[in-house]
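S.K.: In order, the protein sequence lines correspond to chains A and H. Per this note's numbering, the first sequence runs over residues 2 to 216. Per this note's numbering, the second sequence runs over residues 2 to 216.
Be aware that one or more of the hints could be misleading.
One copy or two, it doesn't matter: identical chains are merged, so the pair holds either way.
Below, computed lysine-lysine pairings styled on DSS-like, alpha-carbon distance capped at 27 Å [as the list claims (entries may be wrong)]:
(1) Lys103 to Lys69
(2) Lys103 to Lys130
(3) Lys192 to Lys203
(4) Lys206 to Lys103
(5) Lys203 to Lys103
(6) Lys147 to Lys103
(7) Lys130 to Lys69
(8) Lys69 to Lys192
Just so you know, the hints here were simulated from the structure itself, not pulled from any lab data.
Number of protein chains: 2
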Amino acid sequence: MASYSTADIASWERFYRANFINSLTGFKSVNLIGTVNTAGQVNLGVFSSIVHIGSNPALIGYINRPLKAAPHTFANIQSTGIYTINHIHPSFVQQAHQTSAKYEEGISEFDEVGLTPEFRDGIAAPFVKESLVKYALSLQEIIPIKLNDTFLVIGEVMAVHIDHDIVAVDGFIQLDNTDTVCSNGGDGYYKATLINRFEYAKPGKIAQTLPVAGE
Amino acid sequence: MASYSTADIASWERFYRANFINSLTGFKSVNLIGTVNTAGQVNLGVFSSIVHIGSNPALIGYINRPLKAAPHTFANIQSTGIYTINHIHPSFVQQAHQTSAKYEEGISEFDEVGLTPEFRDGIAAPFVKESLVKYALSLQEIIPIKLNDTFLVIGEVMAVHIDHDIVAVDGFIQLDNTDTVCSNGGDGYYKATLINRFEYAKPGKIAQTLPVAGE
Numbered sequence: 002m003a004s005y006s007t008a009d010i011a012s013w014e015r016f017y018r019a020n021f022i023n024s025l026t027g028f029k030s031v032n033l034i035g036t037v038n039t040a041g042q043v044n045l046g047v048f049s050s051i052v053h054i055g056s057n058p059a060l061i062g063y064i065n066r067p068l069k070a071a072p073h074t075f076a077n078i079q080s081t082g083i084y085t086i087n088h089i090h091p092s093f094v095q096q097a098h099q100t101s102a103k104y105e106e107g108i109s110e111f112d113e114v115g116l117t118p119e120f121r122d123g124i125a126a127p128f129v130k131e132s133l134v135k136y137a138l139s140l141q142e143i144i145p146i147k148l149n150d151t152f153l154v155i156g157e158v159m160a161v162h163i164d165h166d167i168v169a170v171d172g173f174i175q176l177d178n179t180d181t182v183c184s185n186g187g188d189g190y191y192k193a194t195l196i197n198r199f200e201y202a203k204p205g206k207i208a209q210t211l212p213v214a215g216e
Numbered sequence: 002m003a004s005y006s007t008a009d010i011a012s013w014e015r016f017y018r019a020n021f022i023n024s025l026t027g028f029k030s031v032n033l034i035g036t037v038n039t040a041g042q043v044n045l046g047v048f049s050s051i052v053h054i055g056s057n058p059a060l061i062g063y064i065n066r067p068l069k070a071a072p073h074t075f076a077n078i079q080s081t082g083i084y085t086i087n088h089i090h091p092s093f094v095q096q097a098h099q100t101s102a103k104y105e106e107g108i109s110e111f112d113e114v115g116l117t118p119e120f121r122d123g124i125a126a127p128f129v130k131e132s133l134v135k136y137a138l139s140l141q142e143i144i145p146i147k148l149n150d151t152f153l154v155i156g157e158v159m160a161v162h163i164d165h166d167i168v169a170v171d172g173f174i175q176l177d178n179t180d181t182v183c184s185n186g187g188d189g190y191y192k193a194t195l196i197n198r199f200e201y202a203k204p205g206k207i208a209q210t211l212p213v214a215g216e
């Protein structure tokens with residue numbers, strides 16, 4: 002095994018370092034965040050830093066890069082307080098990735114990449130029509146991370162749209178059944194296959210596998 | 002598609018809600034965090050909330066649940082300032098999951114589940130010998146999330162151990178080549194398969210696929 006120190010990492014060319022550190026954290030949830038600005042202009046961006054904060058209340062976070070690098074989604078969430086998170090599937094991986102291009106504020110990424118904005122339930126932010134698992138969030142808190150000028154943006158789940166059939170009797174959503182995609186690094190998109198579910202672990206006896214839907 | 006509101010979610014039985022919200026965020030990076038307390042007692046826990054904060058400096062975060070639910074890893078990181086993050090592979094998924102059992106502080110999860118602590122490079126925290134991709138972090142900041150009494154714990158990468166062969170020429174670590182596992186919900190473990198890598202996206206032309214190692 003090779004070993005790399007902080008000094009080694011700091012010495013690397015910046016794209017090499019970004020690829021390496023971005024993949025070091027493991028496979029990631031990758032999603033499209035839909036927003037609208039105060040003039041009604043829709044925006045769509047791909048984010049791979051969605052993180053579970055808690056289930057009760059249902060809080061979900063994401064890391065926004067420094068404002069100079071990623072201004073539009075952040076500004077729209079700040080001004081409207083509402084955004085959507087949409088799972089990505091293999092049929093539109095390339096379009097999803099393309100939303101990472103730096104389009105001007107007046108441009109709709111939906112139009113540019115060929116995805117369809119969908120407004121439902123009186124929620125101001127657009128969902129992605131092509132997505133099979135999607136939810137809207139109401140902004141709860143923006144926490145600045147001073148170490149590198151990023152932000153932890155936390156929202157509460159206010160509306161979920163999903164096929165009821167894919168939710169197991171215990172609430173587990175078996176995301177391989179919806180072909181939800183995950184990512185690695187900044188540009189690798191992956192399909193996931195279930196190895197096993199395990200029962201709730203307790204000391205003294207190793208947790209056994211759980212039956213899964215269809216078995 | 003079914004729709005669920007904040008009120009629906011709040012009304013659900015707590016394990017159903019936890020399963021649902023935990024899988025709603027998509028596939029997750031799942032890892033073992035290794036720590037040691039001031040008395041030298043090793044600790045190992047499974048965490049599925051690792052999040053990339055930035056590449057330069059190389060900062061990686063994770064969400065620690067409220068202290069009553071998850072005290073040991075957090076206390077050890079606070080007192081020593083050092084911890085390791087270790088990727089999980091199919092050969093020890095069951096052992097990794099078992100570290101989520103609530104063992105007493107004096108118990109080593111390494112011993113209980115059958116994994117091997119490995120000390121290297123003078124770093125006080127234990128790595129997991131069986132892991133093929135692992136790194137040590139030095140604590141930079143603990144940010145309390147007052148909304149639900151959780152914490153964002155941020156460290157800087159101080160040592161990475163990985164087979165050099167699996168790092169592509171551009172720094173990308175193709176994690177399916179190491180059989181790194183990802184998770185869904187609190188108890189589902191998955192294998193990931195590459196769909197495609199895409200080039201850096203720019204406005205005006207849809208990003209094309211990148212060649213991957215072995216092609």
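S.K.: Could you run down the list of hints and mark each one as holding or not?
M.R.: Going through the hints against the structure:
1. When the C-alpha separation of Lys103 and Lys69 is checked against a cutoff of 27 Å, the pair qualifies only within one copy, where the shortest distance is 11 Å, while the shortest distance between copies is 43 Å.
2. With identical chains, the CA atoms of Lys103 and Lys130 are at most 27 Å apart within one copy only, with a shortest distance of 22 Å there and 42 Å across copies.
3. Taking identical chains as interchangeable, the C-alpha atoms of Lys192 and Lys203 lie at most 27 Å apart only when they sit on different chains, with a minimum of 25 Å there against 31 Å within one chain.
4. With identical chains, the CA atoms of Lys206 and Lys103 are at most 27 Å apart between copies only, with a shortest distance of 12 Å across copies and 52 Å within one.
5. For a Cα distance limit of 27 Å, the shortest separation of Lys203 from Lys103 across copies, 6 Å, qualifies, whereas the shortest one inside one copy, 48 Å, does not.
6. Taking the shortest alpha-carbon separations for Lys147 and Lys103, only the intra-copy value of 24 Å comes in at or below 27 Å, while the best inter-copy value is 34 Å.
7. Taking CA atoms no more than 27 Å apart as the test, Lys130 paired with Lys69 passes in neither setting, with 29 Å inside one copy and 41 Å between copies.
8. For a Cα distance limit of 27 Å, the shortest separation of Lys69 from Lys192 qualifies neither inside one copy, at 32 Å, nor across copies, at 36 Å.
In the structure shown, a violation is registered for the earlier hints numbered 7 and 8, in ascending order.
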